[in-house]
Amino acid sequence: MTRKLIAGILLLASQVSFAQSQDMRKLIDSEFQFAAKQYKVLDKNIPAGLTPQSFNAKTNKLVTYDIKWWCSGFYSGSLWYIFEQTKDAEIKKDAEKALKILEPNQTYTGHHDLGFMMFCSFGNAYRLTGKPEYKEIIQNSAQSLATRFRPEIGSIQSWNKNKYFNCPVIIDNMMNLEMLNWASDNGGDARLKEISVKHANTTIANHFRPDFSSYHVVDYDLTTGKVIRKATWQGAANTSAWARGQGWALYGYTMMYRFTKDTKYLDQANGIANFILNHPNLPADKIPYWDFDAPFMPFSNRDASAGALIASALLELGQYVGAHEKNTYKQAAETMINALASSAYKAKLGENGGFLLKHSTGALPLNSEIDVPLVYADYYYLEALARYKKWYL
1 MTRKLIAGIL LLASQVSFAQ SQDMRKLIDS EFQFAAKQYK VLDKNIPAGL
51 TPQSFNAKTN KLVTYDIKWW CSGFYSGSLW YIFEQTKDAE IKKDAEKALK
101 ILEPNQTYTG HHDLGFMMFC SFGNAYRLTG KPEYKEIIQN SAQSLATRFR
151 PEIGSIQSWN KNKYFNCPVI IDNMMNLEML NWASDNGGDA RLKEISVKHA
201 NTTIANHFRP DFSSYHVVDY DLTTGKVIRK ATWQGAANTS AWARGQGWAL
251 YGYTMMYRFT KDTKYLDQAN GIANFILNHP NLPADKIPYW DFDAPFMPFS
301 NRDASAGALI ASALLELGQY VGAHEKNTYK QAAETMINAL ASSAYKAKLG
351 ENGGFLLKHS TGALPLNSEI DVPLVYADYY YLEALARYKK WYL
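The numbers in this note's numbering rise by one with no breaks, and the one at position 32 of the sequence shown is 32.
Be careful, since some hints might not be right.
To be verified - Listed next, the in silico PhoX-like pairs over lysine-lysine satisfying Cα-Cα at most 20 Å (straight line):
(1) LYS37 to LYS92
(2) LYS135 to LYS100
(3) LYS100 to LYS68
(4) LYS40 to LYS97
(5) LYS131 to LYS92
(6) LYS330 to LYS390
(7) LYS37 to LYS87
(8) LYS92 to LYS44
(9) LYS87 to LYS97
(10) LYS68 to LYS161
(11) LYS37 to LYS330
(12) LYS100 to LYS193
(13) LYS389 to LYS348
(14) LYS226 to LYS161
(15) LYS26 to LYS87
(16) LYS68 to LYS37
(17) LYS93 to LYS135
(18) LYS92 to LYS135
(19) LYS163 to LYS226
(20) LYS26 to LYS37
(21) LYS68 to LYS97
(22) LYS61 to LYS40
Hints listed in this document are in silico derivations from the structure and should not be mistaken for laboratory results. All values reported here derive from a predicted model rather than from experimental measurement.
Throw the hints in and build the complete structure from the sequences for me.
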């Protein structure tokens with residue numbers, strides 16, 4: 001092959017790459033402009049003091065919860081992502097209004113989801129504004145979360161004891177460690193990060209199978225510290241790979257590597273990514289079925305929230321790996337983003353109750369939130385768009 005031919009091939013490749021980047025830039029900017037308009041529709045339908053969760057198309061009513069619901073922080077967090085990209089003053093006002101009602105959660109200890117509730121919201125708010133009162137709320141919230149750490153098992157207890165579980169720890173809990181790490185690194189108690197590391201290590205030891213897929217729930221005996229059983233609550237079976245759970249795991253260990261630079265977390269994240277991206281049941285658009293082992297494929301429900309979450313995680317993981325892996329993760333995330341931005345998953349302006357994405361699955365075995373918009377699907381979609389723009393354009 002002549003030097004002239006090689007130079008021509010390289011030039012063509014660079015031109016294609018540039019064109020693709022321009023296309024992604026236009027798509028991302030367009031999506032944030034759409035999100036600003038759509039979330040103004042959503043805001044008008046939210047009752048005072050409540051947070052939006054979903055939309056019931058049959059009754060044409062918004063589904064909302066009080067601030068103790070685990071998803072209460074995603075709406076404000078989404079607004080902050082939209083404001084960051086659009087500088088829309090009305091969006092910022094809505095974000096601040098949504099933050100205000102969450103403040104009492106900083107002392108809540110009833111379950112483990114303080115990270116979702118308070119860091120997705122106040123974390124983004126502090127990142128963009130630097131207001132010291134937001135930082136104080138994050139620190140208080142981290143201390144509240146730390147009260148659920150159980151030294152006997154080396155983990156943060158997810159749910160309280162109930163008729164099904166003694167001391168349950170769910171894979172979702174990896175996400176709440178981000179607030180502990182951040183608080184510790186930003187003037188807080190060093191013990192917060194120690195708890196985070198201990199929990200992450202215990203989860204590696206007990207939640208994962210040899211193929212890097214994760215169980216949803218591990219139930220512990222607080223007296224002996226031993227595992228009682230490994231099960232599911234939202235997946236197809238105890239031994240199945242619930243799609244969003246795999247996303248929580250991928251995101252969680254990528255985040256743990258960011259804060260600790262411990263390569264065992266990077267290895268874990270890469271293993272999980274390979275499980276997801278090479279799974280024979282992953283569809284061509286890479287938006288997973290609600291469980292990788294769901295029955296009745298290809299007619300099973302998809303989970304747009306899992307797709308958005310995984311795309312966001314892959315984009316961060318790409319920052320910590322070699323060129324080949326980075327390109328693989330970037331291309332997979334691109335495919336997911338383009339799918340979610342298409343009419344197959346994205347709502348039309350004014351429809352879908354004001355939410356961005358359609359076709360998420362909350363808990364199919366519980367007959368809950370099936371084929372609906374979900375507030376956290378929007379949040380991780382917006383995060384994925386922002387991350388792509390920041391790191392790849």
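Here is how each hint holds up against the structure:
| no. | hint | in the structure |
| --- | --- | --- |
| 1 | LYS37 to LYS92 | holds (13 Å) |
| 2 | LYS135 to LYS100 | holds (14 Å) |
| 3 | LYS100 to LYS68 | holds (14 Å) |
| 4 | LYS40 to LYS97 | holds (13 Å) |
| 5 | LYS131 to LYS92 | holds (14 Å) |
| 6 | LYS330 to LYS390 | holds (13 Å) |
| 7 | LYS37 to LYS87 | holds (13 Å) |
| 8 | LYS92 to LYS44 | holds (15 Å) |
| 9 | LYS87 to LYS97 | holds (16 Å) |
| 10 | LYS68 to LYS161 | holds (18 Å) |
| 11 | LYS37 to LYS330 | violated (28 Å) |
| 12 | LYS100 to LYS193 | violated (27 Å) |
| 13 | LYS389 to LYS348 | violated (23 Å) |
| 14 | LYS226 to LYS161 | holds (16 Å) |
| 15 | LYS26 to LYS87 | holds (17 Å) |
| 16 | LYS68 to LYS37 | violated (27 Å) |
| 17 | LYS93 to LYS135 | holds (19 Å) |
| 18 | LYS92 to LYS135 | holds (18 Å) |
| 19 | LYS163 to LYS226 | holds (19 Å) |
| 20 | LYS26 to LYS37 | holds (17 Å) |
| 21 | LYS68 to LYS97 | holds (17 Å) |
| 22 | LYS61 to LYS40 | holds (16 Å) |
Violated hints for the displayed structure, listed by number in ascending order: 11, 12, 13 and 16.
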